[in-house]
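Peer 1: Chain by chain, the residues run as shown.
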Amino acid sequence: MKKYLGLTSGIGMFAGASIVLSASALAGAGDPAAVDWSKVPTTEIGLFWPGQSTYDYLISPRHKRADLQTREGEACVDCHKGEEKEIGNKLVVEGDLEPMPVEGKNGFINLKFQVAYDDNDAYFRFQWKTLNNYPGWAHPYYRYDGKAWKVYGYPKLDAVVQDGEQPGIYEDRMSMMIDDGKVENYAKQGCWITCHDGQRDNPDRPTTDEVKANALFKYLKKKDVRKYLPSTRTDGSSWDKGKTPEEIAKIKAAGGFLDLMQWRGHRSNPVGMSDDFYVLEYRNSDAGKNPFSSNFDKKAKHPKYMYDEKKFGKKFVRVEDIRKMETALVRERNAVPFDPNAGWKEGDLIPKYVISREDAKGSAADNNRSKGVWKDGVWTVVWARKLGLTNPDDKALKEGGVYTFGFAAHDDNITTRGHHVSFPVSIGFGAKADIEATKLN
Amino acid sequence: MKNFFQRFSLQSRIIFAIAGAGILIIGVFFAVAYEPVTRNFVAQDATCNYCHLPWEFNPDVRLTATKPHQAKPDQPQSQAKCVDCHLPEGRLNATFVYTHIVSFTDLFGKFRDLEAERAGDWIPPRAATAYRVRDRLFETDSGTCRTCHIEDEIKPKRTRGINAHKLALEKKQTCIECHYNEVHRPVDQRKAAFQRPIISFEQPPSAEMKLLQFVQEVRR
Chain B
2 MKKYLGLTSG IGMFAGASIV LSASALAGAG DPAAVDWSKV PTTEIGLFWP
52 GQSTYDYLIS PRHKRADLQT REGEACVDCH KGEEKEIGNK LVVEGDLEPM
102 PVEGKNGFIN LKFQVAYDDN DAYFRFQWKT LNNYPGWAHP YYRYDGKAWK
152 VYGYPKLDAV VQDGEQPGIY EDRMSMMIDD GKVENYAKQG CWITCHDGQR
202 DNPDRPTTDE VKANALFKYL KKKDVRKYLP STRTDGSSWD KGKTPEEIAK
252 IKAAGGFLDL MQWRGHRSNP VGMSDDFYVL EYRNSDAGKN PFSSNFDKKA
302 KHPKYMYDEK KFGKKFVRVE DIRKMETALV RERNAVPFDP NAGWKEGDLI
352 PKYVISREDA KGSAADNNRS KGVWKDGVWT VVWARKLGLT NPDDKALKEG
402 GVYTFGFAAH DDNITTRGHH VSFPVSIGFG AKADIEATKL N
Chain E
16 MKNFFQRFSL QSRIIFAIAG AGILIIGVFF AVAYEPVTRN FVAQDATCNY
66 CHLPWEFNPD VRLTATKPHQ AKPDQPQSQA KCVDCHLPEG RLNATFVYTH
116 IVSFTDLFGK FRDLEAERAG DWIPPRAATA YRVRDRLFET DSGTCRTCHI
166 EDEIKPKRTR GINAHKLALE KKQTCIECHY NEVHRPVDQR KAAFQRPIIS
216 FEQPPSAEMK LLQFVQEVRR
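Sequence lines, in order, name chains B and E. Per the working numbering, the first sequence starts with residue 2, numbered consecutively. Per the working numbering, the second sequence starts with residue 16, numbered consecutively.
Hint data in this document are derived by calculation from the structure and do not stem from the laboratory. Bear in mind that the values here come from a model prediction, so they are computed numbers and not experimental data. We treat Cβ as the ideally placed atom computed from N, Cα and C, and that holds for glycine.
Below, simulated SDA-like cross-link-like pairs (lysine to any residue); rule was C-alpha separation at most 25 Å, straight line:
#1 E:Lys206 x B:Ser232
#2 E:Lys186 x B:Asp435
#3 E:Lys170 x B:Cys77
#4 E:Lys206 x B:Glu73
#5 B:Lys82 x E:Glu192
#6 E:Lys170 x B:Ala76
#7 B:Lys222 x B:Lys251
#8 B:Lys189 x E:Pro171
#9 E:Lys186 x B:Arg63
#10 E:Lys172 x B:Cys77
#11 B:Lys65 x E:Lys186
#12 B:Lys189 x E:Arg173
#13 B:Lys82 x E:Ile177
#14 B:Lys82 x E:Glu185
#15 B:Lys82 x E:Lys187
Just so you have them, the derived chain B footprint on chain E, three or more residues with Cβ under 8 Å:
#16 169 to 181
#17 201 to 209
Which chain E residues stay away from chain B? Per the calculated CB distances, all over 12 Å, these:
#18 Phe23
#19 Leu25
#20 Ile29
#21 Val47
#22 Tyr65
#23 Cys163
For reference, chain E alone in the conformation it holds in the complex (with noise of 0.2 Å):
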């Protein structure tokens, strides 16, 4: 190992060492605090607002500056920022800020419905918008919801939000198939919407149902 490195000059040693702690450091920020500081310190409310204007939002509902989405149990004017609901927890998740920002993802069409297009009908941006991010929620078990709100701490007031928790609970449904207009803009749901695979029991499962079905199970 010795002659290993008597093999290179002091000069070349120096600069192994700075791009080797360069490296450790990049190493380091990237492991601790690429996340926090993407979702605390690019990602905030006025990056986004940047494109997304306010008239996006209702000035009726929550998220405004009159009616906020509470953050906090114990402090009433706490308002959630976009990235509480709208980026997901993890390294590869934040790095979506960064590609969402320079609109890379909007190079394959993100600005339109193709889907919707394709099948002929033309569905507002707005409105594509809204779709798309319901439909990521769908995906992820509304993962991003659940980093507040915690199943076994959620206790309705009313007896029809325990009924509806509690089956939903039997349904095996996720927040965002009951609570899609709580926030934005309101926009109508897409009848297909949410829609779960069919699975048919007088069959057995797939390998692919049998892997959804695990990976659903394992969400929860």
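Only chain B is shown next, with the shape it has when bound in the complex (with noise of 0.2 Å):
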């Protein structure tokens, strides 16, 4: 125990910087911490676990007496409505739609849901319980085996994680994807329509060299497949059947993509941010930059950053403390430049990420006042977003306006398709809709 009492100081001191820093940039007008959340109604919204039921899956014959539905453009709820538990315990487990099941996964999550808003912004809070007895704040790490400084940790879909060789290590996350009704079906199919056969972790998943010799993804320089929407694919499906850059160009001019913001536990909250992506041809960043980047020198094949003794308490954490506290190396608090001759130790871990609430610019800096807490088991989320934004890649909410929402858990050590989803919801500002705003005066 003693052992670690030195690393708790440090620990209180960076937890305790952290609580300033996020207090002083969320205060004031506009905090979401400051909202009365109690006079606010409190929306019990089912996630379930999806397996691989992809869309093409969902036109599929396989997608039994309901494919020609789905085509047509037929509401999930239509016929799933209140089914969200039996649905995610049944494809939690191994099965058709389940070729990876993770051992002690729930199928199921009750996240509890409340928005308001005012002149100004729009905010959230999101209550869910995690499977596990610690948050997931922590995410895959370099670690020094004596040599080389080689990945340590991998989200429980993988199959070195799977095949026991690895830990599963992965952020906690809470997403929220937006349509203001300009994109076909999401309003009915929500994310379902993103989600494709040869997407990671998905069917039918092409090879690095196939994605990489595809003209779209020639154009993109991308090498892996992710979310999409059917309007993108000549096709309207198939992952290598994309359009034009310059036809999905009129797309996105159109306003015919998503918003996709993510709270993480690890890469965005220690900063008190989420970030900001649009679904569309593939599931892209916004303008400017995110609040976390890579933490790895490729040319000199260590990490950029390493933890500032002073501030942190120690230059690494070991995996015993992963989950005892946040090991978020954040450039502007707690980091210094990578010393490769600090008398590193086999097992000494460095986050893979670097997280910078000053890097972050532009429009993918937009979700800069969000924070989550974790408390007796529950993650507790609030987030404000303001109204009437004007990048061309955000979804601008106004009073007046309904949008559709579809919401994402990723809990347990977790990522790609391994998260709990929503049905689509509507939600309206001032406006009818599933869920109605409050105002706040």
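Each of the two chains sits in its own frame; use the hints to bring them together as a complex.
Peer 2: Here is the structure:
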């Protein structure tokens, strides 16, 4: 126990600094934590494990008795309303739609959701119980093995974790996907229209070489397949049937994309932010810079930054630390340039990503007022987003508007499709909808 | 009348009587026994399978020796016959068995999907057959399904089934629009399947449309 005392004081300093910074960053008008949430109605939203129920599956005869209806734009809830728990519990175990079951995984999460707004901002509050008795604030690290720095920890759907070669380590997340009515079928079929065969952890995944050889992906300079909209494909579905960049640009200019924002337990929460992406032909980052970036120097083959011993208490963490403390490496708070001659020992860990609120820029840094606190097994995340954003890669929330939202929680060290998702719900800001946001005075 | 018969010889009268009795017997047979005999003795599964070989069926799904499409609620092992689904009730429909057996209908290109071919597509014969049968069921409001499955008596156990049936009734959909890959080897549905005429309420419906609506209502 004594072993951790010094570290604990470091943790205390770090956590204290974190709270002070977050409080100063969020305090005042527009602070989501300052909203009196007791006066905002709570809606319970069922989040369930979707397995590999991609859009391609849904429009295939395997989606029995409903594939044609799905093609024609029938809403998921027309048949599956109230079935979230049943579906999640069925799909989370090994079966046709789950070839890589995660041991002990729950099929369902009950999300408590609140939404409010004032003249300037929309405010969101999320509460959900985590599977583990610790918060998901750890993320893969670089581990020194005595000779080199190698990635340590992977998401639980990865074969190296399922085979026991690596531990399951990944941050918790809460995601929102938003449309303003310009994406066909999103209001009815939600995020499923963005989920396809060929994507990471989904069926029929192409090789890296196949992706690189594809005209669209060559243009995008991407080597894997991520979320995309059917409207960006010539056949309305396949990953490799991309439309031309000019055609895709026209879709974007007409607003035919989805906003996708993620609060991240490791890569954004420590700096009081969430990221900001959009889904069109790929899951693209908004213009500017998100709060996290790689912490690896490819030429030198070691991390770019390490912990500042004076501020953090030590230069590294060990595996026994990562579930007990926030280990985020924040450039302006607890990081210094990496010193390869600092006497590294086998098992020393340094985060794979470096985080910075100061470096976040442009449209990608719009979500700069969000904060999550984990207590007694429950994450409580509050989040503010400015109304009336004018960036070409954002969906502008406005009073009087109705928007379709999809929610997802990544829980228990997992990524990609390993999330619990909601059916689409409409939210009205001063307008009739499934959930009506509370106007704050 | 008496004078009328006296004009014919006894031999002629006997021939008339036999002919009349024959016509009467055939008439009675046609009226009473033609359809059940055709359905139960002529169009047996063995007759159908003489051409429609067993490899047309998916061994993993129903209507096979392993997973029969249950024909009677109280008899789990009872199996629906081909004609239960493919031959609608009625004497005229029963006649289709004979024209089909001698491939009379195929002379007019039923083995091919002429519509698709004219559009430049090539449709595998197996798929063309499935499309034709599905179209027929769609046109007849899934009549053969409804001889066993009575709408009011269908009580799905799962939420999705309850919701889906409620939705189908609201949208006036028919059985085959959802239950189309239930029995035979799966065949993907074509994109333009189950198209209903677009009815505009901006303008009064045409006489043809009124008739179509009337027929659809009567069928339901």
